[in-house]
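Asker: Sequence:
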Amino acid sequence: MALFALMQTSFSIVYGQSPVGIGQWRVHYPYNSDARSLALVDDRVYCSNGLALFYYNKTDQSLNGISKKDGLTGLNITKLGSYKSKDLIIGYDDGNIDFVTGNAVSQFNDIQ
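Position 107 (the sequence shown) corresponds to 107 in our numbering; numbering is contiguous.
Treat the hints with care, as some may be off.
Okay, derived cross-link-like pairs now, BS3-like style, lysine-lysine, Cα gap no bigger than 27 Å in a straight line [as the list claims (entries may be wrong)]:
#, residue 1, residue 2
1, LYS86, LYS68
2, LYS58, LYS84
3, LYS84, LYS68
4, LYS86, LYS58
No wet-lab data here; the hints were simulated from the structure.
Model the full structure from these sequences, guided by the hints.
Answerer: Encoded structure:
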């Protein structure tokens, strides 16, 4: 019985948490809040609640988040849009604009 308890404890310690190494980041955004803006780009449906941005990939049926770690430049997302159904346009409350093409993010800050 003691051996079983020891094995169970060691298993939960080893596999209970995924480690984050030095210099690595883990993002914790509120993805469960009400949606404020939606945009359809190719096979992805993008959704924002103001603080978090994520998309549903209709091809492989996966749900993925996008954050500053991935290249976004602003914080408070106010509007999502699409350009020719190929690029995602993200508008922020400070006037900054990001363009997402595939997995690449570029910034347009001339208005800001």
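Asker: Indicate, hint by hint, whether the structure satisfies it.
Answerer: These are the hints, each one checked on the structure:
Restraint check for LYS86 and LYS68: the C-alpha separation of about 21 Å stays at or below 27 Å, so the hint holds. Taking the CA atoms of LYS58 and LYS84, the gap is about 18 Å. The hint holds against a cut of 27 Å. For a cut-off of 27 Å, the pair hint linking LYS84 to LYS68 stands: about 25 Å separates their Cα positions. A distance of roughly 15 Å separates the Cα atoms of LYS86 and LYS58; the hinted pair therefore holds under the 27 Å criterion.
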